[in-house]
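Number of protein chains: 2
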Amino acid sequence: MKIIVDAFGGDNAPLEILKGSALAVKELEVEILLVGDEKRIRSCAEENGISLDNMEILQADTVFEMEYEPRTLLKEHKDTSLGVAMQALAQGKGDAVVSAGSTGAIVVGATFIVKRIKGIRRTAIASVMPSEKGPFMLLDSGANIECRPEHLCQFASMGSVYMNKIIGIENPRVGVANIGVEENKGTALQLETYSALKESKLNFIGNAEVRDIPFGVADVIVADGFTGNVILKMYEGVAGMLMGNIKAIFKKNLFSKLAYLGVKGGVDSFKAKMDYKEYGGAVLLGVEKPVIKAHGSSNEKAFKNAIRQAVNCVKNDVVGEIKAACAKVE
Amino acid sequence: MKIIVDAFGGDNAPLEILKGSALAVKELEVEILLVGDEKRIRSCAEENGISLDNMEILQADTVFEMEYEPRTLLKEHKDTSLGVAMQALAQGKGDAVVSAGSTGAIVVGATFIVKRIKGIRRTAIASVMPSEKGPFMLLDSGANIECRPEHLCQFASMGSVYMNKIIGIENPRVGVANIGVEENKGTALQLETYSALKESKLNFIGNAEVRDIPFGVADVIVADGFTGNVILKMYEGVAGMLMGNIKAIFKKNLFSKLAYLGVKGGVDSFKAKMDYKEYGGAVLLGVEKPVIKAHGSSNEKAFKNAIRQAVNCVKNDVVGEIKAACAKVE
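In order, the protein sequence lines correspond to chains A and B. Basically the working numbering = 1-based index in the first sequence + 15. Basically the working numbering = 1-based index in the second sequence + 15.
Fair warning: there could be bad hints in the mix.
Remember, identical chains collapse to one label, so a pair may be satisfied in a single copy or spanning two.
Mimicking BS3-like on lysine-lysine, the simulated pairs with C-alpha atoms at most 27 Å apart in a straight line are [unchecked claim]:
1. K213 to K279
2. K266 to K148
3. K213 to K316
4. K286 to K213
5. K262 to K292
6. K267 to K180
7. K200 to K90
In case anyone wonders, no lab produced these hints; they're calculated from the structure.
Generate coordinates for the entire structure from the input sequences, incorporating the hints supplied.
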């Protein structure tokens, strides 16, 4: 199996990308096709003592900068490492792409270069997130600002396949992100999606009241990309703010530092449960081949996990399973 | 000044409502008009040793149950304590209403019995919420599932008046809740609201990236009621889940309990900063007289704070200031 890696995407490229790739080669028995400027890749690897065993390099002269318009990936900036990586995937030079680059551009590349699965109407950014009860998938978490009910139904179907095949949840519970559990809550989008999912063969549990999401109310939560992105970012924002303040409380003085020793075990295991980096990145569902968007701030370990996620998608033929599931629905 | 209190709204009615009202009479030099079944009120007060000094009782035979359709407040259930309280406010029997009852019914009562201010197109539920830097106001947080840009502009104007007159913030910073800071982010609603607010005389700071909301990025944050409600509930949900788990870590064993002593001071002062009950309830803005929705689970102190909030709205003539501000905008 060969995973195509955009060596110049994200805040810590290329160093952490190369380190993560080397780790993946070692741990996952996978080949890597690094995409980017060969000279820079080789000098970075050499300076930092990173082995490039089992890795090939595909030359790309430039980098897709965060401020570029996503659509420019198709023309003006197709020679960037991200653009070349997407083309390589489309041409079958590898089995999946992993990039920590611009989310918008990854959506564009996945949709228009790798291409959507026939019959799938929208590509979704599917994020695996932590809850008190374990991971759940939120989709769409930002690719499609506006959606129709039929899009959300496909998201539900694709998310169920992923949570079953990759996370190993039998019969994943599907919910519609909403401002109440009652069937009559929300806008036309939520109302119509509710009715449609009720008739489906998915394990639909009704509306996922937003307040209950962090407690693990469903395994797959569907939303339009605007609402999904709000949920994702409120989760990150509130957790970041609270944890930052609690950290500061422990660091305040000698007593508080000593106090930390008494709870360190509990804190560490809770942190591990909440560590979304453990699940890899966000996966673009509805595309002909697996495309993984690693977090922009990915370090070595997070990037390795994103590669592992790509490997798992290929191994478990998530794309084929999605095709089969959606054919059944049609 | 006389505050009308729905004695039978909320999970802890009438006991905590009566206790909170008695506390308000003592601390705030205010008269209370309790609305509800007189016999039940008097026996509850007697049993619990609550003084009814400076309180009158206005008889209402029934209670507005949570499962009733909000609109039934206008006809079938106008004889409930909530319905009678709203009518009393409309008739000038008091200066403001405070209820911990059904949010939907309070919106209906405020809008159609107390009535909207002339020129105000939508009544907004305005919630004062905590951030790392201090309180901010989120509106609409659930009254209007769908909104137009002109509604959000009025919300911005009303929220600025409140944060200035009641919370004491000079020149409140106004932001549009959005999935990025860039001017081109969001749906047509966010785009058009951005353009309109840029031309206004408000202290518009642009889009409030949702992830930054808990860090205090703006003093007034406007959104449609669906998005606002999602933000409110994700805030409550994530904070509730994290704090619950952290509490459990401290309670785990003797060491962790001892550890708590080392950080208790810091935890207590952080908790106080984050205690949204301190600011009272949600205020319905755009209505001819102040209407306060206290939290359904309000205890004595939370309900007293909601009465204090009503008193402050009357004292500072928030309604008059909103009328003046909106006349200027038109």
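Comparing the hints with the structure gives:
no.	hint	in the structure
1	K213 to K279	neither (45 Å within a copy, 48 Å between copies)
2	K266 to K148	between (29 Å within a copy, 20 Å between copies)
3	K213 to K316	neither (40 Å within a copy, 43 Å between copies)
4	K286 to K213	neither (36 Å within a copy, 42 Å between copies)
5	K262 to K292	both (20 Å within a copy, 24 Å between copies)
6	K267 to K180	neither (45 Å within a copy, 35 Å between copies)
7	K200 to K90	between (43 Å within a copy, 23 Å between copies)
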